[in-house]
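Chains as they are written, first to last, in the working numbering: chain A, 14 to 382; chain B, 40 to 294; chain C, 3 to 399.
Derived from the structure by calculation, the hints contain no laboratory data. Even for Gly, the Cβ is constructed at its ideal location relative to N, Cα and C. Heads up, some of the hints might be wrong.
As the list claims (entries may be wrong) - Just so you have them, the derived chain A footprint on chain C, three or more residues with Cβ under 8 Å: (1) 47-57; (2) 110-124; (3) 375-385.
Said to hold, decoys possible - Derived Cβ-Cβ restraints for the label pairs, each shown as a range: (4) A:Asp25 - B:Asn277: 29 to 35 Å; (5) A:Ile39 - B:Ile291: 41 to 47 Å; (6) B:Glu174 - C:Pro221: 33 to 39 Å.
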Amino acid sequence: MAEKYTPGTHPDLPPPKNLVGPAAWIRDNLFSGPVNSIMTVFCLYLLWVIVPPLVNWLFLNADWIGTSRDDCSKEGACWVFIDVWMRQLMYGRYPAEEIWRINLSYILVVLTALPLFFKAVPSKVKGALAGVLLIVYPIVFFYLYVGGSFGLEFVETPRWGGLFLTLVIAVTGIVASLPLGIVLALGRRSEMPVVKSLCVVFIEFWRGIPLITVLFMASVMFPLFVPEDLSPDKLVRALVGVALFSSAYMAEVIRGGLQAIPKGQYEAAAAMGLNYWKSMLLVILPQALKMVIPGIVNTFIGLFKDTTLVLIIGLFDLLGMAQAAATNTDWLGFTIEGYVFAAFGFFVFCFAMSRYSQRLERALDTGHK
Amino acid sequence: MSEQQKREMSDETVIRLVGMHKWYGDFHVLKDINLDVKRGERIVICGPSGSGKSTMIRCINRLEEHQQGQIIIEDTELTNDVKNIEEVRREVGMCFQHFNLFPHLTILDNLTLAPIWVRKMPKKEAEELAMHYLERVKIPEQADKYPGQLSGGQQQRVAIARSLCMKPNIMLFDEPTSALDPEMIAEVLDVMVTLAEEGMTMLCVTHEMGFARKVADRVIFMDGGEIIEENTPEPFFNNPQNERTQLFLSQILNH
Amino acid sequence: MSQAPHEMAQMPSKPPFWRDPDKRAMLFQALALGFVLYLGYSLVSNTMANLERQNIQTGFNFLSVSTGFSIAESIIFYDEDSSYLDAFFVGLGNTIYVSIIGIVLATVIGFLMGVARLSNNFLLSRLAAVYVDTLRNLPLLLQIFFWYFAVLRPLPKPRNAVEFGESIFLSNRGLVGPKPIWEDGAALIGWALVAAILAAIGIGRWAKQRQAATGQTFPIWRTALALVVLLPLAAAVITGFPVSLEVPELKGFNFRGGMTLTPEFAALVLALSTYTAAFIAEIVRSGIMAINKGQTEAAYALGLQPGITMRLVIIPQALRVIIPPLTSQYLNLTKNSSLAAAIAYPDLVAVFAGTALNQTGQAVEIMSMTLAVYLFLSLAISAFMNWYNARMALVER
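So here's chain A without its partners, still in its complex pose (with noise of 0.2 Å):
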């Protein structure tokens, strides 16, 4: 029998011992019933039959140190192979002496956006740091990666590839996205009948057909749109399609934020005396941008993932270098590997992305309304 207490002295108890610890725990979540049990017995089956054999070839069988195919035993995976096209898969086929261009680059953004990260730095400044970020670096990588000026040597686009080419196309086409975007935005909720009819043609028409389809169009009738003076480069080619693809996709995102934005924000910009573009560019642009960061951000993670597509049109991004090197002959028969390894690359790139997003979106929630 329990012991009486007077009313508003009883101790908190701790509850019984089957309730709570592991064993309770168990027993609840993978015991439950029998249909859950069941479940329980056929995701141990299947861990049991994929894990043990996929730790094996991936890491404990696997050959991690040579130089040539004869390192490669067949029992495990032959990193080796990834080893030796290292440099191609992160770079294409750009000159080793010239690799440091595209480091430095990298090294730049990341000094850059770091403290953007950081809740202590001023607004003011996080703002001119992305500025920075999203017009001057593109217009000096620009003429770093290219080179044949300020004593940099030329390199041609054909050359460029791996990893690199794909954040290339993949923030090439976000940044030149972003303006156009909001263009389309602000004139699809434009209330002049002609403005918002061209932007709503526009936008459901890059979003209705498959990038393939644009990749094809940008290598073949791209030619045919331009005088016959300009041939432009492949990749340029490749750029303008994504671009344009990606914008009408950027153009929804933003509009979503320019929709919730509370009308009360519009009529206290109008009431202040500010004009339909000043309004804009101080007080709803800047809202509305900040809320949709988590629909750019996966904006770009699809993006990222779609220049996969370039290999289709002879561009040799992270999985056409990585196909490429396993069809190589002197290395035929690491298909898997190459795919693994491209595999993990997106993956790593995705899933960080994918994960930030998310934390913004909680953060913004919170704060927002």
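For chain A, the structure is supplied; the task is to place chains B and C on it using the hints.
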């Protein structure tokens, strides 16, 4: 059955909580709850937030599980036995703070859903039953509307009618007026008072002390997971014994 | 009636032309339209000039010319003499075929994974989470390559094919099996199936009416299943199983006859459906989680059992939230099927915007037709979604 006969039946105990304890993980949320409720009794439960009062009544229809002690509803003990749980839920009705009407069904469909699928009533009979209770709560004209089209007070009255359609013997109310605008509280309390006068066994968690004074047979004060004090309304409000009860009453009766 | 002077003074004065917002709007739109038209004009004139310079034909006459190339698989008849228009339809047919099968599989797998993600079973929900997070963060093209090269290519040549029974063969040219050839009397089986479906619908109606009248329930789904299986089976027995099998035979380097499931088709369908299923799982999960817990509690408090609660309270509300993004995913799958070009599955893009375009050089006409197809599909699905949303919107004040 007349009011008189119903009152005479009040020797029968319909709810018994014996030494009930509940934990959320390590947190001891209900401590040694002992409570007997007779048929036709009206009990009001009050207390500060976090005291466990909602948790306690939710244990009575097994929306929460207790880990120690017994809960016996009309001779059926509440355990993990699914059959017992279903039997209890048929006889016990509940009204929620946020109404929880089904927004994709009309008011009429909200009311007839359970009679048709649980009591296997023919549709016409269920609809007549539903209209009868809609008239009892004074909004028969809303039968074909959707919950989103009604005011808060109307939605709560519909929720009460929905529970009544299952002809429960016991009604539980979990802060039924806390989510309502002040001008709508009266219409809901009126319905609850009428229900009480007709002899329904009621357990009501509420802050509406006027309602408690008018209708309750007993008022229970809970704090920190325990029942601190219980008494009939007059001595409870005029002469609280425990200092925690005094503190609580002074806070809520002041405005 | 003349206007008094003070009345006239109260009419608002018209601002000068350049400050009137309406006039400015019209001017702006005229400029925008003019710019777009100019752009269009220069695009068109450049294109005409370049086409002429390269001696490329224009016009749609090429559609009736025969192509001279063959297509690996098709659901409608095609050979080298067929025209470019026929090739267009073959590609279109393959695209639709792959998309429909992909959509069905993706929906099934996606719903299962979404429900698994919500399960109380720790292992099951974590494994489902691993599935979703992995597949959503890898490029679809990579997944297609993985299925194609890593899983299917290493299969043996047809001469050394793996045998199942004596009529099913697995090799690097695909999975070949016997093809049923229907003979006389098989029509009865078809009619039996139709009759079974009609009967099931009729019984469903009758059972609903009976429940409304008397309250008794009837096992509609079990009865329907039994009908659909047993009636055609009975018809088959009566007519003496009028079906013969055309068994595939190894002739030369490949099998002839029978039905083939090619590695290209299998890889594409597997990749498309598992990838899209990962997104569908998240949609299903957030749809069900979006339903307020109070709905389940209210239903239980009324005595409704969990199965009925799911069916009548939770799922109808969850579907409202799920269906719009679900149709977006279906559209994505259809557009993604164009990646078939990477593994030489002959879909619309590969056959028409690929091979046919390379052969005729008539990029403008071919791309227009291809884009028109995808745009039509996108707009149709968007229209459906808008209609569905309008119809299903919860009625509120």
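Checked hints:
1. 47-57: holds (count 6)
2. 110-124: holds (count 4)
3. 375-385: With 6 residues close enough to chain A, the hint holds.
4. A:Asp25 - B:Asn277: 29 to 35 Å: 32 Å, holds
5. A:Ile39 - B:Ile291: 41 to 47 Å: Holds: the Cβ-Cβ distance is about 45 Å, inside 41 to 47 Å.
6. B:Glu174 - C:Pro221: 33 to 39 Å: Distance hint for Glu174 (chain B), Pro221 (chain C) holds at roughly 36 Å.
Violation of the numbered hints given earlier is absent; every hint is satisfied by the structure.
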